[in-house]
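Generate coordinates for the entire structure from the input sequences, incorporating the hints supplied.
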Amino acid sequence: MTGSRRFLVPFAVVALSVILGLPPSAHAQKPVKMGAIVPVSGPAAAFGLGVQRGMEFAAEDVGVFTVAGEKYKVEVVTYDTVYDPGKTVAAMNRAVYNDGVKYGVIIGAGVHPPILPIIRETGFLDLAFAAAGRQITNGENPTVFRIMASSDQLYQTHLQPIIERLNVKRVATLGPNDELGKNDAKVVKTQVEAMKAKGVQFVAEEYYERGAKDFGPALLRLIAHKPDFIETDGSPTGSIALIAKQARELGFTGYFLNSTAVLEAKAISDIAGKAGDNIIALRIWAKAPTQLYAQLADRHQKKYGEAAPGTMWEAYAATKWVVDVIQKTGTFDTKKVADALAQSTYPEHPFGPASWGGEKTYGAKRQIILPIPAAILKDGKWEPFDVRTGKFD
Amino acid sequence: MKAAGFGVLLLALVTLPPLAEPYMLHVAIVVLMNVVYAEALYVIMRMGYLSFGHAGYIAVGAYTSALLATKLDVSVWLGFLAGGAVAALLAWLLGAITLKLRGIYFSLSVFAFAEVVNAVFRAFDFFGGPAGIAGVPRPMFFGTRLNTHLGFYYVVLAAAVFSLVFLYRLAATRFGFTLLALRTRDTEGLAESVGIDAARYKTLAFVASCFFCGLMGAIHGHYLRFVSPFVFTFFFSTDLVIFNMVGGLGSFWGPLAGSVLLTTLGEQLFAAGYYKSLVYAVVLLVVILALPGGLIQVPRLREVWAARRLRWARQPVATTER
Amino acid sequence: MEVYLPLLAQGLAIGVLTGILYVLVALGLTLIYGILHIVNFAHGEIYMLGAMAVLYLHVVAGLALVPTLVVIVALALLLGLCIERGIFRVLRGQWLQLVVASVGVSLVIQSIGWIAFGIQEKSVPSYLPGIVDLFGIRLPRERLLAAGVAVVLVAALYWLVYRTRVGLAMRAIEEDEETARMLGVNANRVASLSVALGFVLAAVAGAFVAPIYSLNPGMGLEPILMSFLIIIVGGLGSITGTVLAGLLVGVLQSVGAILFGSEAAYGLVFVVMIAVLVVRPAGLLGRV
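Protein chains in written order, with this note's numbering: chain A, 1 to 393; chain W, 1 to 322; chain P, 1 to 288.
Hints listed in this document are in silico derivations from the structure and should not be mistaken for laboratory results. Possibly wrong hints are sitting among the right ones.
[What the hints assert, rightly or not] Computed cross-link-like contacts, DSSO-like style, restricted to lysine-lysine with a CA-CA straight-line distance of at most 30 Å:
1) A:K186 to W:K71
2) W:K71 to A:K360
3) W:K71 to A:K182
4) A:K335 to A:K30
5) A:K33 to A:K71
6) A:K266 to A:K182
The structure is reproduced here in structure tokens:
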């Protein structure tokens, strides 16, 4: 091909791309954009969809509100992160720098590290859905709030009472082989070891790769130690169902514990059948704690034809709470709103009255404190097991 | 004529950015990185090797630099070079074995390498385990840390220009034509018979390609200020292959066109991740089936189609791997 | 940790069963690769479609199991023929384009799968629930069923390839295509048939493995990686090799995990694979 003609196509492509690539400029006057920077595709999609829908319901319910004499409406914009760090960075860049988004719900402890610098530099108000602890909510990130119970909080609040109530003696853990899984196993171990005097032992610890479907070998190793309680950490619906099914096939007859926010009873009982019984799920409400909770559940069912993923209510509440605080402080300045938010409480949270804590443990008051439920699966349905409010300094 | 065109482009890339918004700078940075990755892969594909594991070498570069900067407080600039060097070293060591393999065996071996790399990073806390390493710093430039998009953009631009100049020389000069001669097992034998030391050429090309991958990978890690085993995945490697195929392997500018187009297109598809995969895959299939030779061959489409029809009549059903 | 016999025996049994499942999944890939030397990356997605088909036809629409399987076989045949004609045939001779095109096809199917089937984890109830207890070793019935299907299909494949004229034609094309064509073998028909059968094998594997685990549109990725591993270790083009390699990997994973832990077992499988390839580069029973 002749010399200069060879470059014709590439240059044309580059030019076309530059034109294509220029994103529509964002001039947000009346709409206030709130970002749902969450996975809506891929394996973690259920979490993201719950957040997206919760935020949209909140936006509808808030309607038009007034700040400093001007009227505004919340507009929820979704940026799919597919739970990938690189894509999350891209999503943040687009949301913050191009679309002018200042508030949002972001899912994922695993994807927060690369965006924390952007959050700090721009003061983005991050309502984080992240189970892991200190590296996200601490004194260096004044605009980051965790709107769900952290897993430290979860186990500190519920584990010992559950063990006592069920008369458990031998605890084993089988968790995902990632930071969350390893961290939680440590927390569980500490809690169990504190109960040594009562004859409770920590007997085994195994890990599986996220996405694995065959837990046979790991379970065999675990079961060899004869546990009567297997803690499965944040295993998602598919995994816990298969773990339960395969463990029972191998002869395990004890209880399971799970701490993930999105857990479908029907899916578990479809996959595992009767084997799914006696799974205790933290964060799952078997009975609606408030009327608002039940209303939202019905609303979701009517609109989407399926049960709401567990993240919906917290996202709904966080959105409304923040708008509330914005109205009260009369500004959109995220630093001022963050300060006001941390000092406020929210009695209308669908789970029950909510406030912030964590100053001693995390160095900043950015951890939500609200009632945490535990439910147990029996015959394909969740039954209430316990409710406690995590005390968290 | 050519030089003038390039001059204008370079001028634009250097002078326009201060006027651009941070988001556009972000897109520009990602595009530049992808272009370098794709062109590095191009060198290898030109030799007839399909690599589904380039992300492994990129990850090695990224982690090397991240570790040096966070654990030993080494200057980030040195870290970039170290990233490239370590990746190149690994390529040299592994190249001896893997380049002997051909076809799907090679592809699988590089893929296995990339998976092992990520598995090792995930398994040991020294590498940060599954959480990766956060707080990877930006480089210092005369006393200021380049924390802004604009500042770092120039770093990426400089590295990209440097890399592309070298990669171009690898692909479009006599060296590059020699590589073409090594494309299949048969032609390689032929080349050897006229005195070309195939192994040396292949190794050199492979090592050079991986050096730039490592270099840019290190820069990538410092851009995100974070490295983890979940950033440089198999899907990342596949994307690079797609950029090459869509752009076309007939010219050095093919992969450039492919990366620029698909990266910017991808950035527009924010609603849901699988739309982006779908679009990439459909574009890929359309190009492979209807626009053989990729986008750069579009001006010659009629000739290309005719040639294909001619060639096709005599094809064996059992496609022998090269 | 104490390692005692009953545990190892159970592990071995599970390992063998899992290995047979791997073989079931890898069969379709072996056939297509063995005859046409085409790397069918879409294999995992066809497996996924087979599983989804059972879900929608049998579970949701209520069609009985046997007619469901008939429909799945028919659809897989059709899909295989279309893809062979539309994509593989067009790209004949271009190894690189073929591989990348099959990757493209797999991405398209997977993406459409996510959009069409949604993100919820789904399941197919067991065809044969319950456990068989054999001297204290517990074997789930549904896995035994899938293993049985695998055995039948392997036997059928052997019969087809080594005892029928069609198989003879396939082997002829694979061994020396020009001569085969000269002797009147219709290469195009062999190609179409091979691909179609490969797709059918993948879809049926999906249909029978579906109740054992759960379903989601991304479920095709792991089977294809595993299948590749197995046919490479077993030797490309050898059915026996695939069977041996599948069993080996299954047992290694299971027993290895019991003795050394899951992560180590994963690594062990890799190491063994590399060792096999170093000693016998063409695979256990492969011929170059």
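Against the structure, the hints:
no., hint, verdict
1, A:K186 to W:K71, "25 Å, holds"
2, W:K71 to A:K360, "28 Å, holds"
3, W:K71 to A:K182, "22 Å, holds"
4, A:K335 to A:K30, "21 Å, holds"
5, A:K33 to A:K71, "14 Å, holds"
6, A:K266 to A:K182, "28 Å, holds"
Hint violations for this structure: none, all hints satisfied.
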